[in-house]
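Taking the hints into account, I'd like the entire structure generated from these sequences.
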Amino acid sequence: MTSLLLLIPLALFLGGCGLAAFLWALRSGQFDDLEGAAHRILFDDDEPPRA
Amino acid sequence: MAEPVCRHCGLPVPPDSLGGSEFCCAGCRAAFDLLHGLGLDAYYERRVTDPNVRPLKPEDAAELDLSPEVRPGPEAGTSALHVVVDGLHCAACVWLVETLLKRHPAVVSARLNMTTRRLRLVWRGGPDLAAEITRPVREVGYRLLPFDPSCLQGAAQTRQRALLRAMAVAGFAAANVMLLSVAVWSGSDMGPATRDFLHWISALIALPAIAYAIRPFLGGAWGALRHGRMNMDVPIVLAVALAAGMSLWETAASGVHAYFDSACALLFFLLIGRYLDALARGRARAGAENLLTLSAVAVTVERPDGGLVTLPPERVAAGEVARVAPGDRIGIDGVVESGRSDVDAQAISGETTPVAVAEGSAVHAGTLNLSGPLRIRVTAAGEATLLAEIVRLMEAAEQGRAKAVALADRAARLYAPVVHALALAAFLWWFWAMGAGWQESLLTAISVLIVTCPCALALAVPAVQVIASGRLFKGGILVKSGTALERLERVDTVVFDKTGTLTTGTPQLAPGDWTEADLAAAAELAAGSRHPLARALAAAAGVTRPREDVREAPGEGLAAGAARLGRHAFAGGAGEPPPAEGPELWWRADEAAAPVRFAFTQELRPDAAAAVAALRAMGIAVSILSGDREAAVEGAARQAGISDWRAACRPADKVARLAALRAEGRHVAMVGDGLNDAPALAAAEVSLSPASAADLAQTAADVVFQGGRLSPVAEAIGVARRAGRLVRLNFAFAVGYNLVTVPLAMAGLVTPLIAAAAMSTSSLVVMVNAMRLAKGRSR
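These protein sequence lines are chains A and B, in that order. Counting along the first sequence from 1, when you hit position 21 you're at 21 in our numbering, and nothing is skipped either side. Position in the second sequence (from 1) plus 51 gives the number in our numbering.
The hints are simulated quantities; they were obtained by calculation from the structure and are not laboratory data. It is possible that some hints are incorrect.
To be verified - Quick partial rundown of chain A residues pointing at chain B, CB under 8 Å, derived from the structure:
1. 12
2. 15
3. 19
4. 22
5. 23
6. 31
Please read these numbers as outputs of a predicted model, since none were measured by experiment. Cβ atoms here follow ideal geometry from the backbone N, Cα and C, with glycine treated the same way.
Below you can see the structure in the form of structure tokens.
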């Protein structure tokens, strides 16, 4: 039963990481413009920007 | 060889250009040099120019002072600016604007939303940097218009985000609690202490998550109860709260069963449904919002000191003088102070032939200046313009129609009270009649609430609607109104407008008493003009290269030497012109010749006859209501195979005719495109509009379809009919499911976990049934 004391917090921690990552992505606006993102990949910089 | 075009903006290069032989003006040359210097030449290869968008031509106007619009940024020491970017053609433009801004060392982030054309710019420093940072973007030729992010972003998006957050939290809790529950349910040799421990951990996860994720339903339930009504949210909130509360009681009393898993899973599934629903609605709303931002063009205003300044339309005062270059949309109402031009007023009048304007003519916001520069004395701007007024009228008409109550809401009104009565009856029956303990009685009542939990019923309609809308959307058909599919399903009569709907709206040269030589010579003049009739003439002759000595007399026509092409009088016609039968141009080869008439007709959309036949095959009556002349309507009706037509209808006549059809008990769909159709579109039971239509007609229509074909009308009705069949099937299934499970639950044979599983299965069945719509034929 002692393994539960490790495994349950571990499971919750990993799940919590996933949740936090999703909430962060949502907050940073990654779900706002789903159409533009599809086109954006076509125009990524090929050359490094000139400083 | 084709005429040389500017390497930057794509407009023809005039012979004496200040920008040299490759550029039309010094501004374009500077813009090209700027991009070249920054190593961004790739833009020119990547871009796809949209002919409907203003060409990318830099302007001399003094820059708009953006600093009052700057707000504090997300972090200390940063500033943020929200602007609408005017002049975006394609994704390459998005890339270019973002790259130009990010080259400035102070810029933290620059994000341009392609759908809404809204740019959010954050930089380190104060408001005074705004002009410096945005200068390269303006020098390339884009125009920046400030907007208030709080009013445009809207409550809808915040709501959508809140739903998504609640969904994530509920999903996290449901998965983790379920993990623990599996251990409890299957743990044969588990001691009571371990079980209690797992129950407490479940409670620790579930209770905060439920408290958070139930909020979207709580608001709806409270709103309904306060107004003395019932909706689907009430039983959901009640069931979840009761299940959570009772589980907590059981846990505290060291009971055997806790139902945190059911409560979390229920919330999670319901939130998925809610989010999908909100997503479909949000997409439709974004379409409408874009139409509104499209009318927001920058206005170039003369200052008292003679300088020029660019202002958003609502900041222009009446009495000021605005300048409008050829090719620009007019952003204000006013009277022409000086200049002559042709104005394309299709957005306002639905008329495809441009109107000639000169000093003293009234012009309206939303129209397009075609041929010559104009100075306009402003009479009204922003909310006071005719365009804004008509938008308001349309919105009022829209609200009148919104009384069609969605099927799901009608069902909820009937269903929710019955569910609560049944649950209460189950509790009372077990508590008093059977003498059971209150926990056991409450458990039965909760099972009834969960098992009937309106999931299947609540999903029955939206699931089908979301999938039907998605399927139509892929086919280029946008369903804007939530109840449009229900109304489309009943349609038994389709009424078409003629100009721009049955026909393409592009004029075609009609046979007449002109010769091939006339056509070839006239087309040489016409090839350089942007006037739609001149373009049609050039297209008919296949000529692309204009004569070199052509001058355009704005509002009159084209001249080269003694040759004239344009109005009757301009082409040397004496006296009153013979009555026009439609749009026409007059041609005179030289001074001695009598003017020759080129008449134009409008061509039927290529699949008009096929689409009409398809509608007939579905048992739908088809007719035409047109404002055009009798002969033209009769011709179009004969070609499209429509026997029932009425010509010379004013907008009010169309509305009256629709009312008469409705009085006969018919369900009428109106298909139209012009602003003159907008009242009829709003008056019909359901309305469709091609994407080429005037903005306002699209605003009034329930369904907007893209492409040059008419078959989407039949496709939309076909999908709506199948969707209707599936909704009824889903309802039948949900009702049958309840008829079986509710007696079982009331008899106390169903535990909440089994109830939750049964409920989820029924929801899945309903969803899978709805998915069938995504495949297969439309009819």
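If you test the structure against every hint from before, which numbers come out violated? When the structure is compared with the hints, none of them turns out to be violated.
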